[in-house]
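With chain R held as given, fit chain U onto it using these hints.
Here are the chains, one letter per residue:
There are 2 protein chains.
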Amino acid sequence: MQRNGRTLGSREIERKFLVKSLPEKLKRSRRYLIAQGYLASEPGGRHVRIRKKGKTASLTFKVGRGGAREEREIKLSAKQFAMLWPATTGRRLRKLRHELPWKNVLIEIDIYRGKHAGLVVAEVEFPDRATCRKFKPPSWFGREVTGEKRYSNVRLANE
Amino acid sequence: MQRNGRTLGSREIERKFLVKSLPEKLKRSRRYLIAQGYLASEPGGRHVRIRKKGKTASLTFKVGRGGAREEREIKLSAKQFAMLWPATTGRRLRKLRHELPWKNVLIEIDIYRGKHAGLVVAEVEFPDRATCRKFKPPSWFGREVTGEKRYSNVRLANE
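Those sequence lines, one after another, are chains R and U. Residue numbers for the first sequence, in the working numbering: 871 to 1029. Residue numbers for the second sequence, in the working numbering: 871 to 1029.
Same shape as in the complex, but just chain R (with noise of 0.2 Å):
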């Protein structure tokens, strides 16, 4: 991802929790408003998806699932996002993103809207596997769901 100046076209480290509890601090935190959705998806993970993240709009391509994968980043126009978002009519989501520094790591808590309201769900995404490792989750994380599919964004969507 590009948020933390890492190269677009990189190999993701990530770990995913259900959240039992929000933070205090949750209420300073940067938010955005997310709405993504499909063009297309493979059975083993490999997928298309388009998002416009407040008002930036992106394409993004995945490939692997769980713990580490392959993911390649374009921005979009405004104009091409038009273009696209019809075809992910019926694979869709909507959440609201919290983004939370938190010791050395940024935790990403996605709060679901829509069919799934009720889902709330931390990503934390490390520098490198020994970091990875490492990580002490926070009391307020519930069970960790690295890799269900289950939980996956594409599954959610067309859910």
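Calculated from the structure, these hints are not laboratory results. Values in this document were obtained by computation on a predicted structure and should not be read as measured data. Just to be clear, a hint being listed does not mean it is correct.
Heads up, the list lumps identical chains together, so a pair's fine if it works in one copy or across two of them.
[Unchecked claim] SDA-like mimics (lysine to any residue), calculated; alpha carbons at most 25 Å apart, straight line:
(1) Lys949 <-> Arg939
(2) Lys949 <-> Glu882
(3) Lys945 <-> Arg962
(4) Lys890 <-> Pro913
(5) Lys923 <-> Ser947
(6) Lys945 <-> Gly934
(7) Lys922 <-> Ala952
(8) Lys945 <-> Val933
(9) Lys923 <-> Arg942
(10) Lys945 <-> Arg921
This is chain U only, laid out in the frame that chain R set:
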């Protein structure tokens, strides 16, 4: 497709044929080198393709198979194309396309390169279903292969 001035984000009506012999006038027709690759493709035919045709890059979403299907296409900048192209490794094909005006339609003749060298296919796109049904193939056309998975570009690229 955009070349005939039709709106992008439209429904295609087309037929596809093998080509037995190349017509003499092909030498004077417009031609482009095409390189294309697939970001993701679903078993039902839904897919996302990126393509360089001459110097123009594009991303195309298609759904459905056979005689009529929905298609949405955007142009890509050289930079956008360069970011996504590596994701198509192992899912690419190259062909030389000739555009041949013939009676009231445009015939596209694709001469495949690389591992499919020897395969020559003609595609004819129609403005409506009536014109499509009435079409009489020229004598140098071979068997009709409209909707045959074996000759779909996705399949050829993945073989």
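Evaluation of the provided hints:
1. Lys949 <-> Arg939: between (29 Å within a copy, 22 Å between copies)
2. Lys949 <-> Glu882: between (29 Å within a copy, 22 Å between copies)
3. Lys945 <-> Arg962: both (19 Å within a copy, 23 Å between copies)
4. Lys890 <-> Pro913: neither (30 Å within a copy, 38 Å between copies)
5. Lys923 <-> Ser947: For Lys923 and Ser947, the Cα distance is within 25 Å both inside one copy (13 Å) and across copies (21 Å).
6. Lys945 <-> Gly934: Intra 22 Å, inter 27 Å, cutoff 25 Å: intra-copy only.
7. Lys922 <-> Ala952: both (10 Å within a copy, 22 Å between copies)
8. Lys945 <-> Val933: This pair counts as both: shortest intra-copy Cα distance 18 Å, inter-copy 23 Å.
9. Lys923 <-> Arg942: Both: 17 Å inside a copy, 22 Å across copies.
10. Lys945 <-> Arg921: both (10 Å within a copy, 18 Å between copies)
Of the numbered hints stated above, the single one contradicted by the structure is hint 4.
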